[in-house]
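K.L.:
Here is how the chains run, residue by residue.
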Amino acid sequence: MAKLLIGTAPVLSCEGLQKSYGDQPAVVEVGFDIAPGETFGLLGPNGAGKTTTISMIAGLLRPDAGSITVAGERMSPTAAAAKGAVGLVPQDLAIYPDLSARENLTFFGRLYGLAKQPLRTRTDEVLEVIGLTDRAGDRAGEFSGGMKRRLNIGIGLLHRPRLLILDEPTVGVDPQSRNAILESVEQLSGEGLAVLYTTHYMEEAERLCRRIAIVDQGRLIAEGTRRELVATLGEQDLVRLEVFGDAVAAAEACAGVEGVRSADVEESTVVCLMHGAGSRLASLLGAVAEQGATVTGVEVREPDLEDVFLHLTGKALRH
Amino acid sequence: MFLLPLLLVVFIGAQFGGTSETRLGVVAPPGDASATALIDELDALQGIAVAPFDDAASLRDDIDRGLLSAGVVVPDGYDEALRSVGPITVVFVGRPDATAASLEALVAGAVGRQAAPGQAALIAAAGLDADPAELRRVALQVQDRIAAIEVTAEQLGSDELQQEFGGLGQFDLGASTQLLLFTFLTALFGSAALIQTRQYGVARRMLSTSTPMSVIVVGQGGGRFLIALVQAVYIVVASALLFRVDWGDPLATGVVLLLFCAVAAATGLLLGSTLRNDSQAGGVALGLGLGAAALGGSMVPLELYPDVMRTVARITPHAWANQAMAEIVRRDGTLADVLTEVGVLAGMAVTLLALGSLTLQRTLTR
Ligand SMILES: Nc1ncnc2c1ncn2[C@@H]1O[C@H](COP(=O)(O)OP(=O)(O)OP(=O)(O)O)[C@@H](O)[C@H]1O
Ligand SMILES: [Mg+2]
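Listed in order, the protein sequences are those of chains A and B. With the working numbering applied, the first sequence covers 88 to 406. With the working numbering applied, the second sequence covers 2 to 367.
Note that these hints are calculated values from the structure, not bench results. In this text, all values refer to a predicted model and were calculated from it rather than measured experimentally. There is no bait here: all hints are sound.
Partner residues aside, some chain A positions facing chain B, computed with beta carbon under 8 Å: (1) 145; (2) 147; (3) 164; (4) 177; (5) 179; (6) 200.
Beta carbons: idealized from backbone N, C-alpha and C, even for Gly.
Please model the entire structure based on the sequences and the hints provided.
P.N.:
Here is the structure:
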């Protein structure tokens with residue numbers, strides 16, 4: 088179903104987005120498209136500029152430069168029609184703790200311009216989707232973290248947006264709620280909703296997103312399907328060496344070994360990206376030993392998105 | 002114990018009057034020992050400075066012009082009268098306000114203490130060699146003469162001030178000034194709700210909906226306005242029913258109060274969009290609410306301020322609203338009589354509302 092819709096006009100297209108806070112650039116030259124039924128991932132570490140990008144797309148911030156089109160409408164802080172096509176689920180909870188789940192939904196439904204009767208029906212539907220029908224009358228402040236998150240998402244679904252923006256929706260959520268959230272995203276996208284999903288959890292991006300953009304320091308440094316992104320590393324293997332001793336010196340020594348394309352340090356681990364790991368592992372271990380360090384563990388595998396990120400930025404996605 | 006509260010009232014009055022000390026003018030016969038002792042006693046009181054005057058006329062003049070808080074006229078032969086236990090009258094001159102009332106009590110106390118020995122002597126002299134019942138009879142006999150040593154109070158301004166405040170019910174004046182104080186305060190405290198909405202992230206989320214920013218801002222301002230209005234209407238209705246307060250021309254009063262509520266709401270909006278948290282808002286609301294009320298004549302009538310203070314007070318909406326309400330309640334004014342005040346209040350409301358909306362927009366879209 089989702090695949091059939093791809094190729095039609097994009098729900099979101101943005102290009103050349105720029106935003107600075109003072110003279111500190113937060114977003115630099117960011118642009119991408121999202122098709123109906125597609126879930127697009129923005130993957131990046133803290134402070135990469137994900138929320139800033141999203142705020143511009145949702146019409147909360149006016150970009151310093153660049154353009155945003157949502158469902159054919161030009162987005163700006165005053166563009167009511169464009170805003171009506173977007174459902175924003177902010178990174179930080181944005182609900183009234185003193186109101187019940189139903190009251191929260193009703194309140195925002197009004198702001199989205201839903202009429203009374205359709206709003207009542209739609210509120211029931213959304214409560215069902217987010218699994219809060221039983222708790223509809225309870226104060227949101229008394230909900231568990233996961234339930235609050237689900238209510239937070241529900242508010243963004245009320246007005247049947249064309250584009251749903253989820254800003255790190257699973258942060259601080261128990262595994263069960265997280266799974267429920269991921270499942271509903273999959274279902275919504277199956278129904279044709281375009282989803283912009285930011286996270287710094289690689290597994291979530293890999294599971295949900297057809298295409299992923301990697302952002303760092305405000306820049307979009309790579310974009311493509313998971314396969315395409317991993318392919319940028321070439322036909323390579325990933326070797327992780329647990330090192331006891333000077334890891335930095337060990338990494339420098341590894342970099343000198345034949346076939347090694349990059350060697351980075353992740354705490355006490357040296358991460359090497361290389362061709363033909365099978366035949367060259369011995370030289371790698373020898374190089375480390377020459378530095379007076381001991382290898383306490385070895386892992387050889389195919390690279391994943393995390394490794395792509397490490398390779399592109401020289402730092403780990405999570406801290 | 003009874004002195005402290007009185008001094009407090011005098012002190013507060015002095016603060017709002019713009020002088021650090023309460024000045025008490027005294028006319029006393031030169032070389033009169035008892036008069037000198039009286040002056041010394043009054044002068045020794047904390048916060049009160051005695052200023053000597055040559056004649057009663059210039060003393061009244063200075064009280065009229067607000068240079069003195071009150072005055073005392075000690076008659077010629079005061080010392081002699083006390084000595085011979087003869088009748089004598091000390092005149093207290095003051096304006097009809099709390100400061101003067103407190104000063105009068107202080108002066109009466111001081112004179113009473115000077116007269117007390119004579120009064121006791123009078124009773125004793127008359128009652129020597131008598132049984133208790135006889136003494137009581139004697140005391141009753143001399144009661145008139147004891148009472149003849151007295152302080153009589155004289156209120157200034159049988160002219161202007163007297164007319165200003167004359168014919169008013171006990172509460173008529175206080176009600177409108179108190180209403181302004183509380184309404185303003187309530188609207189400022191209402192800013193806490195807006196701050197919470199901001200803290201919850203709900204305010205920002207509202208901006209992501211298709212509802213235009215202007216509608217959201219008006220809604221937020223409207224919330225503050227409603228709170229202020231409920232407070233105002235409550236005070237008007239309750240005071241009219243309970244104390245039979247006369248609120249004057251309904252149209253004029255209504256317009257003035259509506260505009261005042263709008264100013265209060267806009268100020269609340271401004272605070273709500275600039276301050277960081279509830280406790281900060283509480284502090285600022287209290288300080289600004291009471292400060293503006295005090296300056297604007299909601300604690301001490303504006304008429305009693307020196308000219309400079311009265312001019313400075315014009316920066317507060319209270320001053321304009323108080324002035325308008327004075328016109329409406331005391332002089333049976335109509336809307337036509339308070340157009341200036343209404344205009345200024347409307348101007349303040351519009352300016353503050355624009356400022357509040359702008360800062361709210363800025364804080365939410367940063
Ligand atoms: N209101 C603001 N004022 C000033 N600087 C800001 C503001 N909001 C964000 N920044 C800065 O802009 C940069 C990007 O921040 P942003 O919140 O967009 O990152 P993010 O990718 O969403 O990070 P996270 O994963 O932590 O949510 C950071 O350096 C941040 O400090
Ligand atoms: Mg963020």
